[in-house]
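Protein chains: 2
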Amino acid sequence: MKAEIIIIGDEIVIGQVSDTNSAWISRQLTLSGIETNRIVSIRDHAGDIHAALADAGKRCDLVLMTGGLGPTKDDITKKCLCDFFGTTLVFHQATFDFISERFKNRGIPLNRLNRDQALVPRSCTVIPNKNGTAPGMWFEKDSVIYISMPGVPHEMETMMTGEILPRLIATGRTGAIFHKTVLTQGIPESVLAEKIETWENALPSHIRLAYLPSPMAVRLRLSASGSDLEALKAEIDRQIALLLPLVGDAVYGYDDETLALAIGRVLAQRKATLSVAESCTGGNIAHLITLTPGCSAWFSGSVTAYSNQLKTALLRVNPETLRNHGAVSRETALEMARGAATLMKTTYALATTGIAGPQGGSAEKPVGTIWIAATGPAKFFCEKFVFGNDREKNITRASQSALQLLRKLIVQE
Amino acid sequence: MKAEIIIIGDEIVIGQVSDTNSAWISRQLTLSGIETNRIVSIRDHAGDIHAALADAGKRCDLVLMTGGLGPTKDDITKKCLCDFFGTTLVFHQATFDFISERFKNRGIPLNRLNRDQALVPRSCTVIPNKNGTAPGMWFEKDSVIYISMPGVPHEMETMMTGEILPRLIATGRTGAIFHKTVLTQGIPESVLAEKIETWENALPSHIRLAYLPSPMAVRLRLSASGSDLEALKAEIDRQIALLLPLVGDAVYGYDDETLALAIGRVLAQRKATLSVAESCTGGNIAHLITLTPGCSAWFSGSVTAYSNQLKTALLRVNPETLRNHGAVSRETALEMARGAATLMKTTYALATTGIAGPQGGSAEKPVGTIWIAATGPAKFFCEKFVFGNDREKNITRASQSALQLLRKLIVQE
Chain P
-2 MKAEIIIIGD EIVIGQVSDT NSAWISRQLT LSGIETNRIV SIRDHAGDIH AALADAGKRC
58 DLVLMTGGLG PTKDDITKKC LCDFFGTTLV FHQATFDFIS ERFKNRGIPL NRLNRDQALV
118 PRSCTVIPNK NGTAPGMWFE KDSVIYISMP GVPHEMETMM TGEILPRLIA TGRTGAIFHK
178 TVLTQGIPES VLAEKIETWE NALPSHIRLA YLPSPMAVRL RLSASGSDLE ALKAEIDRQI
238 ALLLPLVGDA VYGYDDETLA LAIGRVLAQR KATLSVAESC TGGNIAHLIT LTPGCSAWFS
298 GSVTAYSNQL KTALLRVNPE TLRNHGAVSR ETALEMARGA ATLMKTTYAL ATTGIAGPQG
358 GSAEKPVGTI WIAATGPAKF FCEKFVFGND REKNITRASQ SALQLLRKLI VQE
Chain U
-2 MKAEIIIIGD EIVIGQVSDT NSAWISRQLT LSGIETNRIV SIRDHAGDIH AALADAGKRC
58 DLVLMTGGLG PTKDDITKKC LCDFFGTTLV FHQATFDFIS ERFKNRGIPL NRLNRDQALV
118 PRSCTVIPNK NGTAPGMWFE KDSVIYISMP GVPHEMETMM TGEILPRLIA TGRTGAIFHK
178 TVLTQGIPES VLAEKIETWE NALPSHIRLA YLPSPMAVRL RLSASGSDLE ALKAEIDRQI
238 ALLLPLVGDA VYGYDDETLA LAIGRVLAQR KATLSVAESC TGGNIAHLIT LTPGCSAWFS
298 GSVTAYSNQL KTALLRVNPE TLRNHGAVSR ETALEMARGA ATLMKTTYAL ATTGIAGPQG
358 GSAEKPVGTI WIAATGPAKF FCEKFVFGND REKNITRASQ SALQLLRKLI VQE
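Taken in sequence, the protein lines are chains P and U.
So that you can map any letter, position 118 of the first sequence is 115 in our numbering, and since no number is skipped, the others follow by simple counting.
So that you can map any letter, position 178 of the second sequence is 175 in our numbering, and since no number is skipped, the others follow by simple counting.
Keep in mind the hints are simulated off the structure, nothing from the lab.
Each hint should be verified, as a subset may be incorrect.
Claimed, not checked - In silico negatives: residues of chain U with every beta carbon more than 10 Å from chain P:
1. H47
2. F81
3. T84
4. H89
5. A173
6. R235
7. G245
8. Y251
9. R262
10. H322
11. K362
12. V408
Stated by the list, open to error - The calculated lysine to aspartate or glutamate pairs, modelled on EDC-like cross-linking and capped at a C-alpha distance of 16 Å, are:
13. P/K127 to U/E389
14. U/K177 to U/D253
15. P/K55 to U/D52
16. P/K55 to U/D45
17. U/K390 to P/E152
Nothing here was measured: the structure is a model prediction, and the numbers come from that model.
Every residue, glycine too, gets a C-beta built ideally from N, C-alpha and C.
Whole structure, please, built from the sequences with the hints as guidance.
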């Protein structure tokens, strides 16, 4: 099956918003054995939409489009779809009921624009949108499948994963593909590549490896293609067993795992608790932890002690320590972690102190220097990291490195 | 002048690498009064490249392409350009000298692949690449300009800024376009659309409006096109002056502003300070604030008090309040904010307490119920919000709503 992706929206074409949908969609298609041949971004313009649909339909079997489905005047995709497929808009009760319920729960009265979102082209199959008010639409014409989805990333992603990919696979026109992603944190991509080079070169030809680096982690995606799904799964597991000794404790999980989830699972089991003291990460570690549902069972809380005054008053960092070693030091990081554990009465504690940038560095402690301490009942770790000049990336990297340090401490205890 | 952008590269089309070049290019074009009408990403495939060039040339006056100019076998753009323009590759001495110099400086011997990079199509104007070895190429055919650039972002960007944009403006064929984005928070897109419907319908035809919604904010982008940039700016400002009374205090800024930036500017001016007490937002408000460089001038710190024990011990919420009203209540939110201001000795404080979900709701207080308090020296606000069932979105919405509530308090003080 060959696919093309059409991204509709002035904001994309003029460069105001970066299109992240197309890369996400084409990765998902690849995972399901569908090859993407082209991505087109066009304006909210009837002529352009019509032409893009007609052109794509000549070249492939599957056209996926996002955008232009909102309730406002500038969103014209639905009307264009009616013209293209020679059909008209009809009222769709199930969609209307879903929208009404959504608004009722939030206590917002439904207006005419919302009501119009329940109008869909007569000839399409309606695809429910669990996270929004604009439904997806599935058309078939001359054995080409056309699917229209909302442009809001999380709405589109839930729709693709929950509805569209299963339906595409059910057409029997895709092959068997199995993917598993190994999540690593703390080894730079190029170093990792060297460590696993021999293993990578020995992979059989039906298994492909992709490096997916980000400031959060380096993910290694193994994709096996063939006809027997169970055999592919077994083969991937065998390869991962060979990989693990090469990368050691950098691996923190698989697929959609997060470091916070991995930590929380162990802490909940041990009925242990965690507190956090943040300086340069400014609340982001607490944020990453509290994205995890049910974390209140093991996470007590955190203090963002941005000022030195708070470090001493709240976390009881010794003013002497700050004077002698500075706020960005091994000693301060450790006292912050111990102060957090005492203040919030927890088994484990994690602390960060550093220079996120872009200003504030010195020759001795350049921007990107960050000390991280993790303490537990029996041992502690305290490590220095030096990242780059980008504030946002430094915050992300420091937060992930801190969670990884804590995970290593916990599994060793 | 109307432009189309062609991005060449398998890695883009299969979603392994996100295309950031096209958004950057189209923003630069917009600033120079050139309208981008379409962005196409295609594979390193001769037939696809030829077809994309031919199609684009029919629709616009300027075709900008990136990628496929590297020295390796999979980079075929240059050969395709020769076919398309009916020309052949010739040796280009200036480019060769530049490449040789570059390699000499880095102490790397030149190989045949590098030497081949000095071959260029005979009919093109060579555009120097200051940061790399693949030169840019400028063609004209049937009064359409075609420009080929390397895909490496910083090579392409330097080439666009230093060479291509000045040459495009020198053609005298560019017009004027002006964009301004109004940032709103707290009014759902459909409600906003109704409020401004009459104003929107009365916009002159050369000004277009786009709604850009996200869980963070609804952005309204106004785009004006014409010939006189200063006149367009004045016209947009006039329209915004008419818009503001319709949406009131939901507007927090323009273009790339964030709520934290807007708040920080005022606080720094007044030499006032801020502290935060977070329950359900779990550190995300502190994180959004500390993404702002220089925030240490006005942000003291935050406490994530996830447990009731911390709410009473640290923020001095009265245990009676928790017993009588519950942790998710107006009373608790207010006491948390006041506790934070006292604990961290700040002028202003912000507090959130709610049920982020997916579990933990009740009939009286469903998942998504969140109380937010903002306190200052002279007044306070305390409001209840009811969002949806998605934990991550609830955290984002509550954080933005809290910052907006604080901003409104600050501007009224």
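ask   = Can you name, in rising order, the numbers of the hints this structure does not satisfy?
value = none
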